[in-house]
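**Student:** Use the sequences and the hints to build the structure in full.
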Amino acid sequence: MFEQFMHHLPALQTVIPLMAAPLCMLLGSRKIAWGITVIASSSAFIISCLLLSQVIDGSVISYHLGGWAPPLGIEYRIDAFNAFVLLIVSGIGALIPFYAPASIKDEIPQSLHSYFYTAYLLCLTGLLGVTVTGDAFNVFVFLEVSSLSTYALVAMGAKKDPRALTAAFNYLVMGTIGATFFVLGLGLLYILTGTLNMVDLADKIVLLEDNRTLNVAFAFIFVGLGLKIAMFPMHLWLPNAYAYAPSAVTAFLAATATKVAVYILLRFLFTVFSSKYPFEVQTLEWVVLPLAIMAMFASSIVAIFQTNLKRLLAYSSIAQVGYILLGVTFLNKTGLMATIIHLFNHAVTKGGLFMAVGALVLRYGSANIEDLRGAGKQMPWTMAAFVGGGLSLIGVPLTAGFISKWYLISAAFEANYWLPAILIVASSLLAVIYVWRVVEAAYLQAPVNPDAQIKEAPPMMLASIWILVGASFYFGIDASFTTEAASIAADILLGNVENNAQAMPDAIGGAVSHIPEPLNSISHGQE
Amino acid sequence: MPLTHETAIALTLIVPFAGMVLIGLSDRHSLIRDIISVATSLLLFSLTFWLLREVEAGEVPELILFDVMPGLSMAFKIEPLGMLFGVVASGLWIVTALYAIGYMRGNKEAHQTRFYMCFALAISASMGIAFAANMFTLFIFYEVLTLSTYPLVAHKQTDGAKRGARTYLGILLGTSIAFQLLAIIWTWVATGTLDFVHGGILSGHLDDSFAPVLLGLYAFGIGKAALMPFHRWLPAAMVAPTPVSALLHAVAVVKAGVFTMLKIGVYIFGIDYLSLTGASDWLMWLAATSIIVASVVAMTKDNLKARLAYSTISQLSYITLAMALASSLGIMGGAMHIPMHAMGKITLFMCAGAIYVATQKTNISDMRGLGRTMPFTYAAFLIGSLSIIGLPPFGGAWSKWYILLGAADTGQLIMIGVLMVSSLLNVAYLLPVVAQGFFLPNPDDPGARSTKGSFRSRIKEAPLLVVLPPCLTAIGCFLLFFYAQDVYNLLIPVAFGPEAAALGPEATLQGVGSELQTAPVMLGGSN
Numbered sequence: 000m001f002e003q004f005m006h007h008l009p010a011l012q013t014v015i016p017l018m019a020a021p022l023c024m025l026l027g028s029r030k031i032a033w034g035i036t037v038i039a040s041s042s043a044f045i046i047s048c049l050l051l052s053q054v055i056d057g058s059v060i061s062y063h064l065g066g067w068a069p070p071l072g073i074e075y076r077i078d079a080f081n082a083f084v085l086l087i088v089s090g091i092g093a094l095i096p097f098y099a100p101a102s103i104k105d106e107i108p109q110s111l112h113s114y115f116y117t118a119y120l121l122c123l124t125g126l127l128g129v130t131v132t133g134d135a136f137n138v139f140v141f142l143e144v145s146s147l148s149t150y151a152l153v154a155m156g157a158k159k160d161p162r163a164l165t166a167a168f169n170y171l172v173m174g175t176i177g178a179t180f181f182v183l184g185l186g187l188l189y190i191l192t193g194t195l196n197m198v199d200l201a202d203k204i205v206l207l208e209d210n211r212t213l214n215v216a217f218a219f220i221f222v223g224l225g226l227k228i229a230m231f232p233m234h235l236w237l238p239n240a241y242a243y244a245p246s247a248v249t250a251f252l253a254a255t256a257t258k259v260a261v262y263i264l265l266r267f268l269f270t271v272f273s274s275k276y277p278f279e280v281q282t283l284e285w286v287v288l289p290l291a292i293m294a295m296f297a298s299s300i301v302a303i304f305q306t307n308l309k310r311l312l313a314y315s316s317i318a319q320v321g322y323i324l325l326g327v328t329f330l331n332k333t334g335l336m337a338t339i340i341h342l343f344n345h346a347v348t349k350g351g352l353f354m355a356v357g358a359l360v361l362r363y364g365s366a367n368i369e370d371l372r373g374a375g376k377q378m379p380w381t382m383a384a385f386v387g388g389g390l391s392l393i394g395v396p397l398t399a400g401f402i403s404k405w406y407l408i409s410a411a412f413e414a415n416y417w418l419p420a421i422l423i424v425a426s427s428l429l430a431v432i433y434v435w436r437v438v439e440a441a442y443l444q445a446p447v448n449p450d451a452q453i454k455e456a457p458p459m460m461l462a463s464i465w466i467l468v469g470a471s472f473y474f475g476i477d478a479s480f481t482t483e484a485a486s487i488a489a490d491i492l493l494g495n496v497e498n499n500a501q502a503m504p505d506a507i508g509g510a511v512s513h514i515p516e517p518l519n520s521i522s523h524g525q526e
Numbered sequence: 000m001p002l003t004h005e006t007a008i009a010l011t012l013i014v015p016f017a018g019m020v021l022i023g024l025s026d027r028h029s030l031i032r033d034i035i036s037v038a039t040s041l042l043l044f045s046l047t048f049w050l051l052r053e054v055e056a057g058e059v060p061e062l063i064l065f066d067v068m069p070g071l072s073m074a075f076k077i078e079p080l081g082m083l084f085g086v087v088a089s090g091l092w093i094v095t096a097l098y099a100i101g102y103m104r105g106n107k108e109a110h111q112t113r114f115y116m117c118f119a120l121a122i123s124a125s126m127g128i129a130f131a132a133n134m135f136t137l138f139i140f141y142e143v144l145t146l147s148t149y150p151l152v153a154h155k156q157t158d159g160a161k162r163g164a165r166t167y168l169g170i171l172l173g174t175s176i177a178f179q180l181l182a183i184i185w186t187w188v189a190t191g192t193l194d195f196v197h198g199g200i201l202s203g204h205l206d207d208s209f210a211p212v213l214l215g216l217y218a219f220g221i222g223k224a225a226l227m228p229f230h231r232w233l234p235a236a237m238v239a240p241t242p243v244s245a246l247l248h249a250v251a252v253v254k255a256g257v258f259t260m261l262k263i264g265v266y267i268f269g270i271d272y273l274s275l276t277g278a279s280d281w282l283m284w285l286a287a288t289s290i291i292v293a294s295v296v297a298m299t300k301d302n303l304k305a306r307l308a309y310s311t312i313s314q315l316s317y318i319t320l321a322m323a324l325a326s327s328l329g330i331m332g333g334a335m336h337i338p339m340h341a342m343g344k345i346t347l348f349m350c351a352g353a354i355y356v357a358t359q360k361t362n363i364s365d366m367r368g369l370g371r372t373m374p375f376t377y378a379a380f381l382i383g384s385l386s387i388i389g390l391p392p393f394g395g396a397w398s399k400w401y402i403l404l405g406a407a408d409t410g411q412l413i414m415i416g417v418l419m420v421s422s423l424l425n426v427a428y429l430l431p432v433v434a435q436g437f438f439l440p441n442p443d444d445p446g447a448r449s450t451k452g453s454f455r456s457r458i459k460e461a462p463l464l465v466v467l468p469p470c471l472t473a474i475g476c477f478l479l480f481f482y483a484q485d486v487y488n489l490l491i492p493v494a495f496g497p498e499a500a501a502l503g504p505e506a507t508l509q510g511v512g513s514e515l516q517t518a519p520v521m522l523g524g525s526n
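Chains as they are written, first to last, in numbering that gives the first Met the number 0: chain Y, 0 to 526; chain A, 0 to 526.
There's no promise every hint is true.
As the list claims (entries may be wrong) - SDA-like mimics (lysine to any residue), calculated; alpha carbons at most 25 angstroms apart, straight line:
| no. | chain 1 | residue 1 | chain 2 | residue 2 |
| --- | --- | --- | --- | --- |
| 1 | Y | K104 | Y | G364 |
| 2 | A | K155 | Y | G364 |
| 3 | Y | K454 | A | F481 |
| 4 | A | K76 | A | E498 |
| 5 | A | K161 | Y | K104 |
Rather than coming from a laboratory, the hints here were simulated on the basis of the structure.
**Tutor:** Below you can see the structure in the form of structure tokens.
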């Protein structure tokens, strides 16, 4: 029984939240829906932990959905990289249900609560699915599952501010364009190679020499994913979507959605296409590098002038995406490690920050910095958490952000990119400015309404905020977990680890092959 | 249980930290809080004093806590220079703690608990800086020190205080992230280590033509050393209450800066490498300019604390200059200047605070005739001034003497001129304060010139806890003149190399020439 369970883990990762989602809606009651969400998201988290523990040694799990062997069947393929991303997504995903109830009670009409949990679980399913799958078309399907449910989630902010509807619509249009570009690119790849399995694609793409169709396919996929990532200057959907979505949704999206999009971009850049593909190398050097740097500066500067705290953090997120992409452009192991470490660190940090803002919104009814004056006195724990997260955003030592920055700058030096190294530190000074504006308002200015009885956030909210902020400190003090995982993941992406797992198909049910690093061809099927 | 080195080092960090927590808990009982504050400082000093005895006996206490990133550990290792800084910081904390109680109560300042908590945290950070075994650990505590002193500078929460604190944080955090972090990562990428090794780690790993650039990144990155043009934070921080100024300018912050500067010179570059490559020539000229310009600016300031601030900028550049000379005697002088200047400057600041508590006066032009009503304060001020100027029989004489010897040793005659001119400028901006106090009539109280009434009835000093500490440190200035030999002996391994320590003090001066230079050795022998 247990054996069986362990072998079907990759499928269960998506199946559990997928099954739980309609249950939430059918059972109707918001308490039950909450319970189901907690169970489903927590089990997804446990599963991702188990998966990561199996592949952290650099091995690969190849799971054949329905027993159909790849490249024809859909393959779920888990290595240290996507197991790590799964952990991020499901970890945040498991925390949000504990954070959400108090917040959505205030921001979403009660009749919609069970729909909220349904959409939330579907979104989680989509994000986990994108991450877990090894099939390019399957990526598209899950990407749409998560995107569609995200549009609904963003629109649920309409009770508090009707502009959530236009924000959601805007996001819908941009997101759909992105998805269309992505699927067009996939179509071209399919025409060229006749396959949609990522590993198989990789094998066949190598054989194609200088090929214009391939370049076009790459361009479509790159732009499509760029939209999903909110890569500067394709980020226009993001600030409004984050600002007007319900706080719990913003926290979840900020911590996971763009991260998963970055993950899939990296998969395409390094696994499907190779880091030696000349068109890709040029794109990274001449397109991504300048865009990433522009994102770091332009968005940070825009963030400084924001009056709404959620928008401020949203622009900061676009800047942070710049850091994440910058690491990739160095095309060395340290750079990729920086990217992967920052995926994790930024998810934890930004998740915590948005959660803290959500708590402030709950009590003050506004995310305007003007209205939050004196919050340091009235909500000391929430505000302290915000400061902690802010320090990590700046990259102060002993916070997770520092580790990311350390690796990023090291990578720049290793690649002899002097100017970017200087620009990284220069742009992080901008973060000091926008974080400190908030700190000064909260601690050094008199409250707008000193007599108002502002209570501290509810304990469950506070606990979830502090778990993330605590994590952003923990992973700044002992970064061995993140750096080791990132190191293995970077090796896998760069092809430093031989892991061409060729799983043998099994007659019925799923087949799993679990290949230790040195042995390439041993696999064990399971009924 | 016998005290081991590990526990002693750990305790030097934990004791002030625990003190901070206890102070926070005793918020409502100001007496208990103040007792805890003083008791912690006493306990800390006894610990550092014990460690000093161990270091003097030739031991090298070490403590390795944990790895933050692979190869980068949080580790502590006490070498003589750090030991000296540790003793200075913890010793002067006792007087500052006493003084702070008198000052804060005398002025009825608000938020006293927050004040003492940040104070204790700052000392804990200083201990971390002093005992750090590698540049990474040092950097972490450097940033903690910046952040923990920010609330102290912003203490009064007026617009002026906020602006000053913003400058303070902006420059210190900005330079440390923009330059110092870059320099550290560059060093790490180039050498693969950040440990402090006598003789430096860079030799052979860095292109000689880059050495001045890297040194520049360090020199400007250590904003706490207030090298021009990054000195603005120091006058800006004058808005803080006087005990903070004492802490900033004598005990923790600026000394941490110049201490780091010396560490870089001795343990990262190595003085041989510096003199071989000439990497520090430009820094020497910049420091010399800084010395003269800051002294001239000091003369134009009527606000006493601002004048002292510019005096500090000038005096800190002595130490930078001493390091940039890249000679053993210069290093000796620079290192000795840490305790000598600390003792003198803390006296001056505490006197300025005492004048403020007693009369609420901040401008020198208003302080005419005060010497007669505040004889103890003014006597202490005089002694502090003489020590800063560098006249015997006060401690400052020795450090200037050795810096001069260092300049002579390297043939930098212009630097000797600079130091001489600077001493004259010191006379010009410090002694008029005392002269006006004693010899000019008090405009508010012209009758005070007459000697009617007993001595006691004419005295209007600040409360005892405010006046006593500067008198103690004034005596300290005097004592340091006679105990300079001990400081010298302690520092021999730093300035002349570990092997020189075995030969004894006399050996260090062989080959330098002039019999005058053996003066401190002979003096040391006589006490």
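**Student:** Could you run down the list of hints and mark each one as holding or not?
**Tutor:** Against the structure, the hints:
1. Y:K104 / Y:G364: Holds, at roughly 13 angstroms.
2. A:K155 / Y:G364: 30 angstroms, violated
3. Y:K454 / A:F481: 60 angstroms, violated
4. A:K76 / A:E498: OK: K76 of chain A and E498 of chain A at ~18 angstroms, within 25 angstroms.
5. A:K161 / Y:K104: Roughly 38 angstroms between the alpha carbons, so the hint for K161 of chain A and K104 of chain Y is violated.
In this structure, the earlier hints numbered 2, 3, 5 are contradicted, and the remaining ones agree with it.
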